[in-house]
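Using the hints, position chain B against chain A.
So you can see what is in the structure, the chains are spelled out below.
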Amino acid sequence: MPRPDIATTPLLSVKGLRTWFHTFGGIVKAVDGVSFDVAPGEIMGLVGESGGGKSMIGFSIMGLIDPPGRIEAGSIEFEGRDLATLGEDEMRSIRGKEIAMIFQDPMTALNPLYTIGNQIEETLALHTMLSARERRMKAIEMLHKVGIPQPEQRLHHYPHQFSGGMRQRVVIAIAMIAQPRLLIADEPTTALDVTIQAQLLRLMRQQVVESGTSLVLITHDLAAVSQMADTIVVLYCGRIVERGPAEEIIARPRHPYTRGLIDSIPHESDVDGAKRRLSQIPGNVPDIRRLPPGCAFAPRCPRASELCRTQDPVLSERECVGDGSGPPRLHAIACHHPLTVSP
Amino acid sequence: MFGYMIKRLIQMVVVLWAVSVLVFVMMSFTGDPTFMMVPLDATDEQIAQARRILGLDESHLVQYWRFLSNMVQGDFGRSFVFRQPALTLILERLPATLEIVFLAMALALLVAIPLGVYAGANPGKPTSRAVMAGSLVGISLPGFWLGMVLIFVVAVKLQWLPSSGRGPTTEWFGLRVSFTSWEGFRHLILPAITLSIGTLAILMRIIRAEMVEVMKQDYIKFARAKGATAKGILFKHGLKNALIPLVTVFGLMLGDLIAFATLTETIFAWPGIGKLLVDSIYRGDRPVIVVYLMFVALMFVVVNFIVDVAYALIDPRIKIK
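So the sequences go chain by chain: A and B. Per this note's numbering, the first sequence runs over residues 1 to 343. Per this note's numbering, the second sequence runs over residues 1001 to 1321.
A short, non-exhaustive set of chain B residues, derived as facing chain A with CB atoms under 7 angstroms:
| no. | residue |
| --- | --- |
| 1 | TYR1219 |
| 2 | PHE1222 |
| 3 | ARG1224 |
| 4 | ALA1225 |
| 5 | LYS1226 |
| 6 | GLY1227 |
| 7 | HIS1237 |
| 8 | PRO1316 |
| 9 | ARG1317 |
Have a look at the derived ranges for each label pair, beta carbon to beta carbon:
| no. | chain 1 | residue 1 | chain 2 | residue 2 | range |
| --- | --- | --- | --- | --- | --- |
| 10 | A | GLN227 | B | LYS1231 | 40 to 48 angstroms |
| 11 | A | SER279 | B | GLY1124 | 40 to 48 angstroms |
| 12 | A | LEU307 | B | ASN1122 | 46 to 54 angstroms |
Calculated from the structure, these hints are not laboratory results. Just so it is clear, CB atoms sit at the ideal spot from N, CA and C, and this is done for glycine as well.
The following block holds chain A by itself, in its conformation from the complex (with noise of 0.2 angstroms):
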């Protein structure tokens, strides 16, 4: 379902963007030419599979992209500022504040030598004037809502006294406190247990619709995505093949790599009788360093052609086929051939 309450003007605008890395076995385009707006509240899915440069995107976004690599061109408007432009003492005042980051694996994103409370409050000691009291007062705050028991007593505890699915529940209250506009979610979900990643998925979206800030997931589990995002973009070795309004993406996806992913999620239809082969995208993601020409999935592509082979596919926008009601929505895809959409 459409949100309603979900503004048109973007918080974040990126345009263009293309992070490269310079090593010693050739350039690797890790994002190359990617365009994507995020609206106030709005949680965007980022979704493809792993070397994609999913990761590179947000890490771009936050300016934590580390030599050799760089962002060689585009803009990331945040909020009316050019992030890709600022120096770093304004970036930092940005991070953790305005735009803040959880990361996959959330054993080794604490510091194992401080209490999760000091590590917790850092960040508003990094960004507020409040007194050590007021800090400790929303940290408890902050644990209780992000469902640990027991905050005053855990505040104490060291990140190896915490099980994973807690852990990342730290680094979700940690990113949080500080009430940033933007969270970006690497892969928040991919070092757990099965049984705790919806419970965490679940427990995100709730942080972020209760207070408003946007979210780009960043993941390659598209089961997940569906169920949480408003919008989704596709990524494959470093563009954006398909971008929409998530329901269009899963209800009517266009691109034959979309299709691909889609089919590849088993579906509860699956389990009781009716058994349906997994399909799967044939071959593997290519060498980054080494595209061929024209579109890049081409040599996976059950529809590729000989156009394909040779010319880039351009992002093209049409709009939705929509129930007609609020404004147009638009849904982009990079396919000479996509495929049709049946009414």
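Chain B in isolation, oriented as in the chain A frame:
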């Protein structure tokens, strides 16, 4: 914690006993100190009498037993040369050694930590490479050579600092120390620098190597994502994680410097325990050497204990058991 202390205490006794055996064996089979004590033209009778006075006429077992039981009672024997209890001699000289060693260690840490952290956090930069090259030079410089060069340049040519001796001392909690007066402190500087260079270089390389590893960790990137300052990232999140191996080496080096400041003390005529050891070896002053070696063994055991406690203080995952 209590069980740990008991274990450590037993361990200490065993180590000290083993050292006492080694020391006794080494002493007993490396020459007869009697000849150092008697006049060149002494008669056999005089020699035999000297032996009896020194207690060397009995079997090794009896000698060892007497040596051990005296030691347990705190009697380490008297210096052949000074006619004073050997322990008193060592304790008298100890403050002088501790003074230059502590100053040298403070100097080493003060320089090694910032440089090591910088070089570890920016491994590719030319300045870091220069720092690392410099540390190689520091490791390769022999202490005695550096000491002599410092004496020649700073003391003789420039005449900025005194070249030898301890200078005026004052009483400080019953210890004779130099650092309380400016003139005394001036005497400390050159020996301390000489002592610190090698330690400084090694500490710096360890800090750098650890920092390079630590800076790759997720929690560093997460700290950056929180908006932590460069200083906070390097020192709060980085350095503390790099400290564990540093503490180990620091402890060993501290013990090493106290025990074997010998060369530096000799060059600067510094009246510490190192110089006393060298003099005693020359004079065959056996009781002093024995006390010295026992003292060194005890000190290493204590330093190791402190290092273990420091681990637990730094890293909450380490429990003292």
